[in-house]
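In order, the protein sequences belong to chains A and B. The opening position of the first sequence corresponds to residue 1 in the working numbering, with each subsequent residue numbered one higher. The opening position of the second sequence corresponds to residue 1001 in the working numbering, with each subsequent residue numbered one higher.
No lab work stands behind these hints: they were computed from the structure. On a predicted model such as this, the values are computed, not experimentally measured, just so you know. Please note that a few of the clues may not be correct.
[As the list claims (entries may be wrong)] When the alpha-carbon atoms are kept at most 20 Å apart in a straight line, the in silico DMTMM-like pairs for lysine to aspartate or glutamate are as follows:
| id | chain 1 | residue 1 | chain 2 | residue 2 |
| --- | --- | --- | --- | --- |
| 1 | A | Lys-90 | B | Asp-1060 |
| 2 | A | Lys-89 | B | Glu-1145 |
| 3 | B | Lys-1096 | B | Glu-1145 |
| 4 | B | Lys-1031 | B | Asp-1060 |
[What the hints assert, rightly or not] Residues on chain B that point at chain A, a partial pick, calculated with CB under 8 Å:
| id | residue |
| --- | --- |
| 5 | Arg-1139 |
| 6 | Tyr-1143 |
| 7 | Pro-1150 |
| 8 | Arg-1159 |
| 9 | Gln-1161 |
Beta carbons are placed, not taken as given, at the ideal position from N, Cα and C, and that holds for glycine.
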Amino acid sequence: MTQQRELLRQGDDSFLTTKVDAVVNWGRKYSFFLYPFVTACCGMEFMAVAGPRYDLDRFGAALPRFSPRQADLLMVVGTISHRQAPILKKVYDQMAEPKWVVAFGACTCSGGPYNNYATVQGIDTIVPVDIYIPGCPPRPEAVLDGIMKLQTFVQRSPGWNKPRHREISDLELPIIEKPVA
Amino acid sequence: MEELLDRVRELLGDAVVDSHSHFGDATVLVKRERVLESLRTLREHPDLRFNFLIDLTAVDYLGQDPRFEVVYHLASIETELHGTEPSKVQRRLRVKTRVPEDPCELDSAVEIWPAANWMEREAWDLYGVRFKGHPDLRRILLYEEFKGHPLRKDYPKERRQPLIGPRN
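Use the sequences and the hints to build the structure in full.
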């Protein structure tokens, strides 16, 4: 007992104590594997962020995985039409836990300038969204801010081994005369 | 331009309701019942040979009767001999025809220009103009579950349709 206490007292140089949540989340927030679901002009801005000038790699989110099964961050970049919606939903369902969703640009946040028969009024009517990055398109600084906010969010999320998947299972929206959003 | 319009009027006879070329755009308005034979003449007559269907679309004049107008843009991309020199022919013609709301039907031009296939499907999809004799008149941009034709002027802007499930 005395020996243990002595080890803890002297251990400042060789180890530290923390909570599992904190250390797992710390690992996760600096190793996003993102799936770029790029459908429109916002994709150009996304490429600018991923490129060397703004360098998403600084935040550990440099490696896009083009299979949803290998990704944990779904970046929805660009207008989502009603025809595209089931595909987005399918991609989200295929991703393994833990997973996060970023709505990139005005169209994914709310439908943006499009309020018509073709456009989904915000992807949060289909999949749960963690971070909204507004802008048409968002500046790279805004995207980096969003990524950092997501990192903070991930660091603070409790229960590292509990699934945090929220189900929006009902894809059938009723025909309504008023906008969803 | 006027010579072209004169020749077209002469060949199509009383199928032509109206014609003009205000801004150098030769336009003829033909009767709905005779649109197919008129188009065939424009395609096949050796003086005209409009062998290229540039565009086919519809216009909704809500409140007018007949309500719809179907517009064909034609061009001739033949090479003709003038003396001994071959030269490109620069002929363009716009053909319009009015289609009533009920029955919203028109003869299909697919057998004249195969290119009309997808354009007629688009006009059917978005305006609801039914093309008789079309080999495969399905929606081309929207999905089968979609009800109504969204580019009609009386389609409510805010109407939302049921989303479709995943398909393989």
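### Task
May I ask which of the numbered hints given earlier this structure violates, with the numbers listed in increasing order?
Of the numbered hints, 1, 3 and 5 do not hold.
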